[in-house]
Amino acid sequence: MNMSKNAGHQLQASLMSCLVYSWGIGFVISIALMSLVLISTNANAETHNETVLDKVISLSDIQSGQLVFRTEKGYFLAGPKLNTEVDVEVNGVLARVTVSQTFSNPTSQWQEGIYVFPLPDTAAVDHLRMKIGERIIEGDIKARKEAKKIYQQAKEEGKQASLIEQQRPNMFATSVANIAPNDSITVVIEYQQRVTLDANEFSLRFPMTITPRYIPRTSIANTEEISHFNGSGWAVNTDQVDDASHITPPVLAAESDISNRINISIMLSAGFDLDEVKSSYHQVEDVAVNSSTRKIRLVDDVPANRDFELVWSARNKQAPQAALFKQHKNNEDYAMLMLTPPNKLNIEGISRELVFIVDTSGSMDGTSMKQAKSALHYGLTQLRPQDSFNIIRFSDDVDSLFRQAKSASRHNLDTASDYVNWLHADGGTEMAPALEMALQAEHVTEGIRQVVFLTDGSVGNEDELFSIIEQDLGASRLFTVGIGSAPNSHFMNRAALFGRGSHSYIGSEDEVRQKMQTLFTKLSHPVLTDITLELDGDIVEVWPKIVPDLYLGEPLILTLKATTLPDDIVISGVYGNRVWKKKVTLQGGGQSEAVSVLWARRKISSLMDDYRRAAVDDEDLIKVDIVTVALAHHLVTKFTSLVAVDKTPVRPASEKLDSQAVAVNPPAGSVMTQFPQTATSATLQFIFGFILLLASLLLRWRQA
Amino acid sequence: MKRRTAHIVSVLLLSVSVVLFLNGGYIHAKAQLAQWLIATAWSQSTTNNVQAKPWPWADTWPVARLEVPKYKVDQYVLAGSTGESLAFGPGHIFFSAAPTEQGNTIIAAHRDTHFEFLQNVQKGDVIIIHNAKGKRRNYHVQDMTIVDKEDVTWLENNAYSHQLTLVTCYPFNAIQIGGRQRYVVRAVSQDDISV
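Protein chains in written order, with the working numbering: chain D, 1 to 704; chain P, 1001 to 1195.
Calculated from the structure, these hints are not laboratory results.
All of these numbers come straight from a predicted model, not from anything done at the bench.
By construction, the Cβ of each residue, glycine as well, lies at the ideal position given by its N, Cα and C atoms.
Accuracy of the hints is not assured; some may be wrong.
Said to hold, decoys possible - Derived CB-CB ranges, DEER-like:
id: 1; chain 1: P; residue 1: Trp1036; chain 2: D; residue 2: Val624; range: 37 to 45 Å
id: 2; chain 1: P; residue 1: Pro1069; chain 2: D; residue 2: Thr415; range: 54 to 62 Å
id: 3; chain 1: P; residue 1: Pro1069; chain 2: D; residue 2: Gln514; range: 26 to 34 Å
id: 4; chain 1: D; residue 1: Val284; chain 2: P; residue 2: Gly1124; range: 49 to 57 Å
id: 5; chain 1: P; residue 1: Asn1173; chain 2: D; residue 2: Thr648; range: 30 to 38 Å
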């Protein structure tokens, strides 16, 4: 008894000492290793800082237009200043813009310069010219790969060449090869663009930064028939309803160290008596040529860090509500029709149904869930008594606040608020049942039905979800809201496209209010939905094929091509629960060389939407279509580029095409704040296992 | 008596060491075995065009197949880069470009399991990515860089090219986990057509 008790004590004591002993060794070793790791970390961190600082890692870091020099190592160096001259000719609702970019090389080496810059979303770039001294070299339109090859070859042969490529629909890049030391090359780009019409205001924007914004405004009046267009393209005027407009304040770009200078001059021929012409963010000189024509230019060169916007309106707000432009080219007729939808509709009286879907899967845990909750709470405050609503939540199961949408009464809103507070993130992401529930549910109103979908979009069965949306959409519209630090915006953009709605993204909790406000202003002002066209006449090709819903302030823009245009077109749609129908003549109107280009640009952007949605097998077919249209109309697209090459080589083969750091551009922030953790504790466990094994063997050996 | 105690202690030490070995081994075994299960889910995903989960309670699914013939690497890439999914395979970072698509596709994995081979990767090596639709793209290794874990400029979505970025912890043989450094391998598709 005593013996065993003693033995027990001894056993305990020796076990303790052994454990302390072995953990001690382990601890010492791990401390030693850790300090080794720390030392090596510091050493590496220093070398890393040196290499990263003088380069622009990726062209997507660039927030406003910036010139960079390419290096042989694959990264870019921030280049010196580049001067831009912009010349705009406005004719009614059409604008022709000429952009001259002068690439100067202050270094003593031959340089290749690349300039990435924004243009309006709808810009149709159709001309490139390269000016070397007195000579002008015209650019040719080629398939993108071919253009690139031509450019590369010229570059290697020491010839001066330039290339313009589309990076995104609103981002372009000009490359210029073999700029001689202390010399410059000027590249001239021309594009066609539409003037924006919003309520009584016309505006033209020249982007210098890449920050999108949505400005809802009120719209102008409607008459039942437009029967005549005058020679300048405008419809003969009708009565107007004046509405107050609400404008969101402009977004200012961060001041950049690298300020490329820009100068803008505009010849504005409005086609009607002008009232006020103003520049929103820049100081301009304004000279009246006659009552409908003005000459405008920037007082000074400005840094290219803030979008330029010119706004004008008609005297006594008597702006026409429709415009028609035509062109006859290669035995075909082109037409562009711009029309403002009715706004007589008293939107306040119309009820709508709003369905929120909220993702409560495990990946939403933390700040994402918090953002989703505050977005939902905000959404609830935006409901009016005549609206009805519901909330659907899903993770690996689905449930909803009400069995079917209920009116936004005080009581129901309180219940909803409790429901939202109760939500917590856990489990998998089964999106399909939630979407089906939202889209297949019986509609409780005759009016508009909007589905607001809040998620981080972490799903893999995208195609299945797209087909659910496409099949079940009906009269509903799907608006996706991306939440969290790294949402799958690719999925959400496309879901909104299929859902005939829009996509917005909330990056932080501070943004919830502003982003949701923009979305809800849009949601509460739909004007015309389910728009269809009736046309007679031979082989008329109209773009866009599916006319998108119009929200407050947005005009309807149609582009047509036909062997012979029909006499008129009947446009019908639904507002609220009423049918709206309008007959518009296609006789008369203004003549413009720009119409075919705008038609082609519109067709290409529709085809690009198809291309993004297409299955792999169909991609190539659509690509061929896009290239065909682009080549025929001399347009720069994702698959076609303009390239200009000078025939005589200028750079001696002995001299290298080189680069030199001129300035530093710190890269912009990213949505993800750090890399994931990518090591396991396996090795650590093996080492401790090994130490304990050794200790155990040692013990046995000493006993033996 | 003392002998007996020492014996018991040595047995105990031995068994703890065995547990540790098993645990460490389990991490590696899990990494290997999960790939088998994922392979089945992958073939279901590609043939039936559905999102098949490798096991019923998984919150992830295969999105791509990664092959590096030179190092006999053939792995299934899972959706997302949370600790959970990385235990079973390389993870595709959600906001990065979809595998084989235009932009910067970023894949992360543990340095001591799936991405151990990265330490041998050299400039010019070919990495093949297949997506669930059967599309395949070859990428050529451009450069290898050691970066700080917060230097996320490397994660930016370069919309102008077909780029593949493989990320793992650095140094490869470190014992301590949670280090600040990452090893970044950048590869670019040859049929890249932009600047």
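Each hint tested on the structure:
1. Our hint of 37 to 45 Å for P/Trp1036 and D/Val624 holds, since their Cβ atoms are close to 42 Å apart.
2. Between P/Pro1069 and D/Thr415 the Cβ separation comes to about 60 Å, which falls inside the hinted range of 54 to 62 Å.
3. Distance hint for P/Pro1069 and D/Gln514: a CB-CB separation of about 50 Å, inconsistent with the stated range 26 to 34 Å.
4. Range check, D/Val284 to P/Gly1124: Cβ separation about 54 Å, and the 49 to 57 Å hint holds.
5. Roughly 57 Å separates the CB atoms of P/Asn1173 and D/Thr648, a value that falls outside the hinted 30 to 38 Å.
Hint compliance for this structure: hints 3 and 5 are not met, and every other hint is.
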